[in-house]
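Enquirer: Letter by letter, the chains look like this.
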Amino acid sequence: MNSSLPHVHDQVVVDREQIQELFVTLTRKGYRVVGPTVRDHAIVYDTVTSLADLPIGYTDEQDGGTYRLKKRSDEAMFGYAVGPQSWKKFLFPPVMRLWQARREENGFEVIPESQEIPKLAFIGVRSCELHAISIQDKVFMRADYSDPTYQSRRNNLCIVAVNCGHAGGTCFCTSMKTGPKVISDFDLALTEVLDKNHHYFVVEVGTQLGIELLQTIPYREASHDDAQLAEDIVANTAEHMGRSMDTIDIKDLLYRNMEHSRWDEVATRCLSCSNCTMVCPTCFCTTVEDVTDLTGKQAERWRKWDSCFTMDFSYIYGGSIRTSTKSRYRQWMTHKLASWIDQFGTSGCVGCGRCITWCPVGIDITEEVRAIRESENAPTRAAKEQS
Amino acid sequence: MMQTLESILAEHPFFKGLDPDYLELVTGCASNVRFDAGTYIFREGEEASQFYLIREGKVALEIYAAQHGSITIETIEAGEVLGWSWIFPPYRWHFSGRVFEPTRAIALDGKCLRTKGEVDHDLGYELMKRVAQIMMERLQATRIRLLDMYGDNPGGRL
Amino acid sequence: MTSTLPDPMLPQLYRVQHVRREIPDTFTLELEPKDGGEIPPFATGQFNMLYVFGVGEIPISISGDPAKRRPLVHTTRAVGTVSRTMSELKPDDVIGVRGPFGSHWPIKQAEGKDVVIAAGGIGLAPLRSVMYHVSSQREKYGKTVLLYGARTPADILYRRELENWRAHFDLEVYVTVDRVTDLWRGSVGVVTQLIPRAPFDPKNTIAMVCGPELMMRFTIVELEKRGVALENIYLSMERNMKCAIGMCGHCQYGPNFVCKDGPVFQYSQIQALLAKWEV
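Protein chains in written order, with our numbering: chain A, 778 to 1164; chain Z, 21 to 178; chain V, 271 to 549.
Honestly, the hints are just simulated from the structure, not real lab data. Errors might be hidden in some of the hints.
[Claimed, not checked] If we take Cβ atoms under 8 angstroms as the criterion, some of the chain Z residues that face chain V in the derived model are:
1. K78
2. A80
3. I91
4. T92
5. I93
6. T95
7. E97
8. A98
9. G99
10. A161
11. I164
12. R165
13. Y170
14. G171
15. D172
16. P174
We treat Cβ as the ideally placed atom computed from N, Cα and C, and that holds for glycine.
Sequences are here, hints too, so could you generate the full structure?
Expert: Written as structure tokens, this is what we have:
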């Protein structure tokens, strides 16, 4: 046991085994602990009860339309990038009942949901994902209207973040300035240090809650070398990004190229399957569904994730506005990279690469931007012929 | 002080920018006219030798369909030009012109202007340009009405 | 731990007082809160989300008088599942209401200026509120012109009110139909043809346009030709809406959420978008 507790912003060193204590403490404090685990040949996010549930010794190989889990030659706990799921499924449930209604003598009554707020603790949140959560905060928690489910879960959220030691094949957080180092909005941030002789974590304390979580965990103060080692690991990750995106002037670049032929080109490949919107940690579109039971006396309104790639996403009486795949792909990409900036003040993209990995035909958002940008920079044919 | 016919014509969009000599000629072919509601200014098939600049009132272009009676195609109102059949063969009215509201207009001797235009092509060009402008505007409006944009099926799309 | 945060997706319950059949397939609902209570004030151009038990929820513009708090008035066409079911509601039936939402017509900016209200078809419904306001605060506005285009004489919405306004000495009302189907001594032509001769000063006018998107685009072309500045033209857009609070993403129009940045837009703001296909 330690005689004194660390302070916010302190860095301490914790042995690998002691991470199990985090699970114990969080459970005791009433949190449902959620973290990465292996299922169906991928790393997903689900309830984890102990250290053993984590994908120990796994890594992933990702590329356009490709995801493979591989065993590592070591026992790293976080030696992989991100999988098909994001933390949004816990703060912003994919399927949720909004309210019920019941026919009465003279009309009907609406019965609101009694919002039991789960206390959630996320273990293993990457920097890109932290940014994605902040981005969704701006969508769901506004001064005029807020989503009560998102807000209550978010306000009770504990975040144990992880600084990436492994850059994914489709990662480009450095281009989007969203990582790999975790900067803020966390309770604890872990950097895994693993070599032949050692396996420990350099832990940065983010909040008072972070201090409380360390109460039962033996630690020593991080030395200058420890801190430097952690920095080096993250710096190394930053050097190995699988993709990159030039974001200079990207909003206006896309706004002035709405009729670019590249959209027609990508439309020949895009299946409008909506995978990208499902795996994207910031996509937030939903639809509502009104249902009744067979008696017609009970009605329910449900909210479900939706995608701008569906044919009737833009339907108004008479027909849909965006009927072509081209218009729907253009809508998704220009929203994500351009209009999002006008709407919320930041890009909608965090460079996690999921849309690239999980697109069945491997459409790469970084490549699409590059193609449009390069066609602008390339000399025109007429100019070429003149010279 | 009452405006002269010449100054009224000079200011009218249809004759704006016309050479003063031609304007004098046109004025010579113009007169003030008045029509009571319910009367016909012209009937479908009649010789079209005049056209009208409507100053006030409302004239309906009508076509007669046996089992339906008279159908109003369009109404021509203040500020608009009524009639272009005077400049195109066979120089006959395509529709009837029925007065809906008491109407004041300036009538122009189209036959006279047309004849002079055949000889003086500069005059002919000026007249044709202006008539084409009216037709273009009317055609655009007609196309929009054909779209049936208030209906559930604009342009006939299913 | 339970949450007590306000839920913007929860409807308030209203009772139908009256259902008025306007023209074929168009009806007006007059609503009062089910358990008494205040109806929230609305600004002209705003809309509510109306919910029919077990069927669904749709956005409908408020078309009543903003100075008269009750009842809550909505006119709409019965063209989809929800609206058709809604048209069959009877007095005393209960309906869910969320709102009011959205941006409003520029009645403040229009003070001291001429006002042109150009409506086509069902587009007269969201503009009726403006007419009520302007005619009741007549001294604040210059020349006031209402231009209305309908498909046929039988499709003229709010006909009696149009005739009443037309009888005012200080309001100009011009109505035209695309085609005639019966005895009609009024104008026959497209609503854009009314613009060149309408009595207003284009240099000092606020124009408010509402109707099918095609109608609005053609109307704006004529207003521009007449010399009305693009910043002085406003229109009301329509897109698919599920939440009306800018969170479901369906109503996006470029970077705009039609439910909260609209439905009323200044033309100069969305001019580039109107010209683009499938945006």
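Enquirer: Hint by hint, note whether the structure agrees.
Expert: Hint check results:
no.: 1; hint: K78; in the structure: 7 angstroms, holds
no.: 2; hint: A80; in the structure: 7 angstroms, holds
no.: 3; hint: I91; in the structure: 7 angstroms, holds
no.: 4; hint: T92; in the structure: 5 angstroms, holds
no.: 5; hint: I93; in the structure: 7 angstroms, holds
no.: 6; hint: T95; in the structure: 5 angstroms, holds
no.: 7; hint: E97; in the structure: 7 angstroms, holds
no.: 8; hint: A98; in the structure: 6 angstroms, holds
no.: 9; hint: G99; in the structure: 5 angstroms, holds
no.: 10; hint: A161; in the structure: 5 angstroms, holds
no.: 11; hint: I164; in the structure: 5 angstroms, holds
no.: 12; hint: R165; in the structure: 4 angstroms, holds
no.: 13; hint: Y170; in the structure: 4 angstroms, holds
no.: 14; hint: G171; in the structure: 6 angstroms, holds
no.: 15; hint: D172; in the structure: 7 angstroms, holds
no.: 16; hint: P174; in the structure: 6 angstroms, holds
Every hint from the earlier list agrees with this structure, and none is contradicted.
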